[in-house]
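We have chain W already, so just place chain H on it with the hints.
These protein sequence lines map, in sequence, to chains W and H.
FYI, the working numbering numbers position 83 of the first sequence as 83, with every residue one higher than the one before it.
FYI, the working numbering numbers position 217 of the second sequence as 217, with every residue one higher than the one before it.
Source of the hints: derived by calculation from the structure; they are not laboratory data.
Only a predicted model underlies this, so the values are computations on that prediction, with no experimental measurement involved.
Hints should not be assumed to be uniformly reliable.
Claimed, not checked - When the alpha-carbon atoms are kept at most 20 Å apart in a straight line, the in silico DMTMM-like pairs for lysine to aspartate or glutamate are as follows:
| hint | chain 1 | residue 1 | chain 2 | residue 2 |
| --- | --- | --- | --- | --- |
| 1 | W | Lys184 | H | Asp310 |
| 2 | W | Lys188 | H | Asp373 |
| 3 | W | Lys117 | H | Glu362 |
| 4 | W | Lys171 | H | Glu362 |
| 5 | W | Lys117 | W | Glu189 |
| 6 | W | Lys117 | H | Glu278 |
| 7 | W | Lys184 | H | Glu306 |
| 8 | W | Lys117 | H | Asp373 |
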Amino acid sequence: MNGAPPVTASGGVGTQRSVVVVDDHQMFRAGVIAEIGAQVRVLGEAADVDSAVRMILRHPPDVVLLDVHLPGGGGAEVARRVLATSPETRFLALSVSDAAADVIAVIRAGARGYVTKSITGPELVAAINRVADGDAVFSPRLAGFVLDAFSGSIAVAEVDEDLDRLSGREKEVMRLIARGYAYKEVAKELFISVKTVETHVSSVLRKLQLSSRHELTRWANERRLI
Amino acid sequence: MTSVPTVDPEAAPSAPAPRRAHRPTHGRMVGGVAAGLAEHVRVDVFWVRVVLVVTSWFAGLGVIVYAALWRFLPQSVPVDAHTAHGVPQRSRVETGQTLALLALGFGVLLVQQDLGLGLGDRVLWPVTIAVVGVALVWRQADEAQRQRWASDSPEVPVVGLILGSGGRSGLLRLVAGVLLIGTAVSLLVAQAGGLSTLLSALVAAALGVLGIALVLGPWIGRLVQDLATERRERIRSQERADVAAHLHDSVLQTLALLQRNADDPKAVVRLARRQERELRDWLYDDERTAERTLRTAVLEVAAEVEELHDVSVEVVCVGDVPLVDGTRALVAATGEAIVNAAKHSGTDQVAVYVEVTGSAVELFVRDRGVGFDPESVPADRWGVRHSIMERMRRHGGTAVVRSAPGDGTEVRLAVTR
Chain W
1 MNGAPPVTAS GGVGTQRSVV VVDDHQMFRA GVIAEIGAQV RVLGEAADVD SAVRMILRHP
61 PDVVLLDVHL PGGGGAEVAR RVLATSPETR FLALSVSDAA ADVIAVIRAG ARGYVTKSIT
121 GPELVAAINR VADGDAVFSP RLAGFVLDAF SGSIAVAEVD EDLDRLSGRE KEVMRLIARG
181 YAYKEVAKEL FISVKTVETH VSSVLRKLQL SSRHELTRWA NERRLI
Chain H
1 MTSVPTVDPE AAPSAPAPRR AHRPTHGRMV GGVAAGLAEH VRVDVFWVRV VLVVTSWFAG
61 LGVIVYAALW RFLPQSVPVD AHTAHGVPQR SRVETGQTLA LLALGFGVLL VQQDLGLGLG
121 DRVLWPVTIA VVGVALVWRQ ADEAQRQRWA SDSPEVPVVG LILGSGGRSG LLRLVAGVLL
181 IGTAVSLLVA QAGGLSTLLS ALVAAALGVL GIALVLGPWI GRLVQDLATE RRERIRSQER
241 ADVAAHLHDS VLQTLALLQR NADDPKAVVR LARRQERELR DWLYDDERTA ERTLRTAVLE
301 VAAEVEELHD VSVEVVCVGD VPLVDGTRAL VAATGEAIVN AAKHSGTDQV AVYVEVTGSA
361 VELFVRDRGV GFDPESVPAD RWGVRHSIME RMRRHGGTAV VRSAPGDGTE VRLAVTR
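Extracted from the complex, chain H is given alone in its bound form:
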């Protein structure tokens, strides 16, 4: 157990990525080492803890292994760093169980002391206190790292690096940890040479820390700064790479196609129009992931007709509503109306105007083409127009066609929201 490597040697060499042990960010008791190991070797976490406690009886081996693994096993990155805090941490039963195990383990250690098999009182207590202190500080370091993941800002605030945004509790944990370690060291020193040695040792230690801070302070500061710059740079270059990749897939391809189709004006216009639309979507529309609304649906329909019938459709929208039954019928009817205009008007410009008012949605499809006299059109040419009207009527809407020869055509569709 003690020699469990961080990389499973059993992992098939052909596997794309070797299975690596991680310390889970939730469900941990102290540092998540036991939980991580249990997950990795697929045994119940209880047995891992038992083994760790039992090995601690032999010159503290379990504790040393635990500490080593805590340092070397990476924390697993939470699936969603932002919600990791909401995950239930651990069950009450597990907590009780682990506490009992720890108490048992420590009890056996004390018995060993009494039997003269252990480290001796002079060492055991300072070491125990130091271990608790170190655990507190490391725990806080984990916490801070997790918060940094959650914030994903390129800045590396020096204070935040240590404390995270835990604020007071983080600070408390840190101070308690440092105090415990200090106490442990003081105990050791005091035991070795009495109180007077302790004082001079403390002064010496303080001076040493001060000196190191003076020497290393600016250097650490610059390191932090460099880290932030480097991170920002990386984000930027990644963005640039994304843009380049996108342009390559879209614009450059289209330009190549345009050159090849240079003698076919229709194809050129179609290609250019499609590329323009696509690029615009990419540049301006950050709502792609959002649900489909009336506006996006109308834009989509217009784009489809543009594509199929070589016309340009200008869509102007005022207001927006979610797609429901009535508006969906409206969108379908709009598609038919635009196709009609594209086919029969003789122009290649169609204007679509959508307005959402208090209680209704109005939509106009207008062309400046040849137009026709609605009174004198033979019944068979009315087919599509009737189907538009029929569709709107079924959904409680209306459709009105206005046209005159030479004056273009306008279809007005309306439906209550």
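So here's chain W without its partners, still in its complex pose:
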């Protein structure tokens, strides 16, 4: 795997990825499957937390497409329960919700990326491939959230751990993604390789997931709208 499939290219390189689609709207599941069905292998669908967990554990896919809002606890609950028994599972959150609290919750529960439901089919396939390769997928909106959450609104004195801070490079990468740049374009802009961009994004994801700053949650709750 070259690890750097272009974001806009349709289809991945090499083998087809397998996915499970979790969403409580049957119509939406059908739509997604129709759009990406040719490029990925759909192992199954689920409409609520319990059946999703069962389905994922029975047929482990490369990537789980996870709706943020689900009856029975939401996407975050699915991620938490599956990761408890099968920590290798990879989740890509897919949502119409713009509420920061929802997005941050599902990312902190273990999702490796977040895209909005308005994403096009080819872009979604590219995102699936990226997540399957172990990289992170940040939409412009998520990048904006990260910049906002990690911005200077919190006193430096409180921020003592590396986990609670973005490096200059990471900030630059986030800023470009927020501006609508694809990874390839970010790489070109910063004169670094796509692989390096992916490394930066993954490290931001790790900070987002592991940072112990409770301000993150508070920030998200205060900020109900993007």
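Okay, now just chain H, sitting in the frame of chain W:
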């Protein structure tokens, strides 16, 4: 005067709502009855008080009328229950005047006693004490009701029902009132049958109260609970009705329009997008009443362009500042830049990114469209771009256009805060 009805009979029957007398919550001396009456019949409150005092000389008629009206006239709901306490209560002059009136009235009553025209000493004193006690207790009841309005929580705390949140002063008033009434009753009983009768009467009364409490206690408790449940239920159903009304006006209308326009994909997309935006605003944005900020202004501009030019504009904001001269120009320039992208890029996706940094605001409008070579564009096609730059420059900002054929276009706008 004594027969003033609570509903003005003069009120025109065709009037939408008859004018009702209320007891005002501020400017009251005792129970607000005189003030309410004065307001209702439109005479000076002083004269109402005079009439009440004078009629009291005739078998206490004024006092009885006052008590009756106190019970039957509702308290007026303060315009803003939360600020009612800050309203100046009454003027010093008025207080003095009323006290003088009361003293005069009571003096005349005493003179009547001496002349043998009144109730007699054995009745007058207990009755006077009881009247003061009742006034204290009722006053506290008014207070508690007002505080309940102010708190608008669905819970009905049993203690709060009686005391309000007045705490110690409320409790003091209540205890004093009850003690006064008790004293009055004891006086009456003692006068009738001496001290020994008083003791047995007290014991009997205490037992009676205990019995009533035992019988009615659980029932009252349940009543209070039911009231709370009912209130919560009503709030909930009201909310549900609001949601239903909103969905009906917006989503259902749009769905009907979508069905009618099913063969026009552009119209469908436009309708769906507008509805989505509107619904999102309604669901997530509780800051609508707040002042306009950079973020809301940019979102607004983006929505306008989406509407007019059939593109989708994704706006990402980091930080926010109030709208001032410079940022307002920035917003206007942003609008032009998005329109440009919508018209010339050939794509229907535009990304807008706003970031507020320490001293400046940066804004990027980017599309992945056809792009162009800034060096080789004929001067006439530069019109709008120049106007953007010109506008930014006038407000101490900058505008930079980056583009290459096939590589999309990005406009970077910046202004100091």
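Tested hints:
no.	hint	in the structure
1	W/Lys184 x H/Asp310	violated, 28 Å
2	W/Lys188 x H/Asp373	holds, 18 Å
3	W/Lys117 x H/Glu362	violated, 28 Å
4	W/Lys171 x H/Glu362	holds, 15 Å
5	W/Lys117 x W/Glu189	violated, 27 Å
6	W/Lys117 x H/Glu278	holds, 17 Å
7	W/Lys184 x H/Glu306	violated, 27 Å
8	W/Lys117 x H/Asp373	violated, 34 Å
In this structure, the earlier hints numbered 1, 3, 5, 7 and 8 are contradicted, and the remaining ones agree with it.
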